[in-house]
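Visitor: Quick one: dock chain against chain with the hints and give me the complex.
Here is how the chains run, residue by residue.
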Amino acid sequence: MAKMRWIALAGGIMLANAVLAQTKDAAVQSIEEYRAMLEDGNPSDLFEAKGEDLWKQIRGPKNASLQQCDLGKGPGVVAGAFVELPRYFADTQRVQDLESRIVTCMQVLQGFDAAKIASTPFDSGEQKNVTALATWIAAQSKGMRFNVPQEHVKEQTAYEIGKRLFFQRGGPHDFACATCHGQDGKRIRLQELANLTRFPGDGVGIAAWPAYRVSTGQMWGMQQRLNDCYRQQRFPYAVFGSDAIIALGVYLGVNSHGAQSVAPAIKR
Amino acid sequence: MADPMRIRAQVKDDKATVRVLMAHEMEGGQRKDASGNVVPAWYIQEVTATLNGKTVLTAEWGPAVSKNPFLQFVVKGAKAGDKIGISWKDNHGDTRSDEATAT
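Keeping their order, the protein sequence lines are chains A and B. All residue numbers for the first sequence refer to the numbering used here, where the first residue is 1 and numbers rise by one. All residue numbers for the second sequence refer to the numbering used here, where the first residue is 1001 and numbers rise by one.
Okay, chain B solo, but in the shape it has when bound (with noise of 0.2 Å):
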């Protein structure tokens, strides 16, 4: 299973910062390895953000995106102590979605 994700959410005035960093190798399919051999594509393609539940950000993603990647936003009308929830999917199908609270 995939490592878990570090999900930071701070409140100010009526918006919170989101900062999500995920675990992921993100191969872009295009590197070959020490044996000359293609290194399969492994990357995600579906990013979900959800506020307590209710689905604010989708994202489609690509080869592009970096190893390890980083990912903020600002979301409208979260308050302290809201549920930010965040979901991707690779294209092996494996998925991951972690939570954290917002402060």
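Excised from the complex, chain A in its bound form (with noise of 0.2 Å):
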């Protein structure tokens, strides 16, 4: 008789695990019912209709358009070069990704100062055009799988380098990106949060971003979400184009290996 009971009582916690399991399972999908209601009129749009405008537009003192930019698939070549992104440039011998990548355009190819954008803040300025030019930029890849290269030693040095910079522990908090973004099934109120320590999935961490952001109202790229982690750190802000920021983009590109793109997405 003793025994049954306790077949029972185990019977009934399983029972409670399956229902806990259940209502989140529920939680994460109404939330994604609310992402697909917004995605029909996602505002990315505005900031890729800008993006393909500023590509082609003739700017800065040297009255030229970007169209030769290289972006790794050869100069004026957009399609597929986001999914490819961060990697080794040849000509500035340095790993870039693809904000720091579209800056060294402007400054070659239509004379702007670098330095002075890369010290702008994120949504003023040049800034919001570098980041409208990602989200166009972006968008000729939706779809398609990341293959960031591993091929050049830079390129294998900036990973182990972004790995470690993902699990360095500091602040007044004691946080790692790993912290939060190291284990399977974890989330911070209502927002799932992605193991990105290993293949995430299709539309996850590097391959959503740039995205919009409803709640602020504004298009973010990939270094402005990477800082946004380090502010919740308590750490100072990476510098944009910096080779820590751009350490960490590849170590997360080379995780997501085979993801398909999503971005530009939107984000609550």
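These aren't lab readings, by the way, just hints derived from the structure by calculation. Given the structure is predicted, the values throughout are model-derived calculations rather than measurements. Any given hint might turn out to be false.
[Unchecked claim] In the PhoX-like style, the derived pairs of lysine-lysine whose C-alpha atoms are separated by at most 25 Å in a straight line are: (1) A:Lys128 / B:Lys1067; (2) B:Lys1076 / B:Lys1012; (3) A:Lys73 / A:Lys56; (4) B:Lys1067 / A:Lys267; (5) B:Lys1079 / B:Lys1015; (6) A:Lys56 / A:Lys163; (7) B:Lys1015 / B:Lys1083; (8) A:Lys128 / B:Lys1032; (9) B:Lys1076 / B:Lys1015.
Guide: Shown next, in the form of structure tokens:
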């Protein structure tokens, strides 16, 4: 009889677990429904249109367009470039992500001051244009699969540096990126957290940014997204286009090898 | 001048579903900036939709409408090739008109 009761109790616990799992799934599902509803009117379309215009427009001290910009697949090739970034560029002799590469092109082709753009806060001045350009360029690779190269020694080094930065704990909360993004099935309030230390799946992490944030009404590139993680860790902001922030991009990009890009996405 | 709108009009049976995305700050006039000054109100007040030049929808909007607003509606009797026009006017008197062809 006592044994029977034990079995019944065990069954009760199992049932409770199943109910818990179900409610959690339902919560995640309703967020997905909300996102699908927003998808129809994703304002990133507006930034995409602006970015396309900026790519073709003759601007800057040198009166040139960006149409000869080499994003890694040859001058002017945009389709498929996003899913192979960050990568090593022979002309600048460093690994660059999409946004820092755009700034290089703006400097070399159009004569803008790269250092000045790098020190401009996000969402103002020329940084706004960099984000719009990144949005349009990313959109030209929508649906393609990530294939961030690891052939050059500097690309391999960047991956290792990115990995160390991802696990580096510090700040007043003793946080690392991995504190939130190192386990499966975790959430902060209603936001599910992706495990970015391994393959996170299609359209997650690097494969979703640039994205439009409904809560702020802003378009964010990957660098701004990473800086926001650092803000929440109470770290100082990484310098725009710095080796550290690009190394993190390489780490996330290589881990996402084979993931389908959904950028530009829409976020809460 | 204001940035362009994105208008899509899809015909199904005898109706067209129109989706419009407008680029606008839609500042409500309640917020303060970093130095404590009120950010002045700046929002769309009037929206008009036309089908081949004939008005089919008018709306009066206020400061509660979100930034970069999305508008969706259904027009009866619209056929493929029809012209859907959207225009708005904000409280600065600035206007923007765009047109799309129903498909």
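Visitor: Could you work out which earlier hints the structure fails to respect and list their numbers in ascending sequence?
Guide: As far as the earlier hints go, only 6 is violated by this structure.
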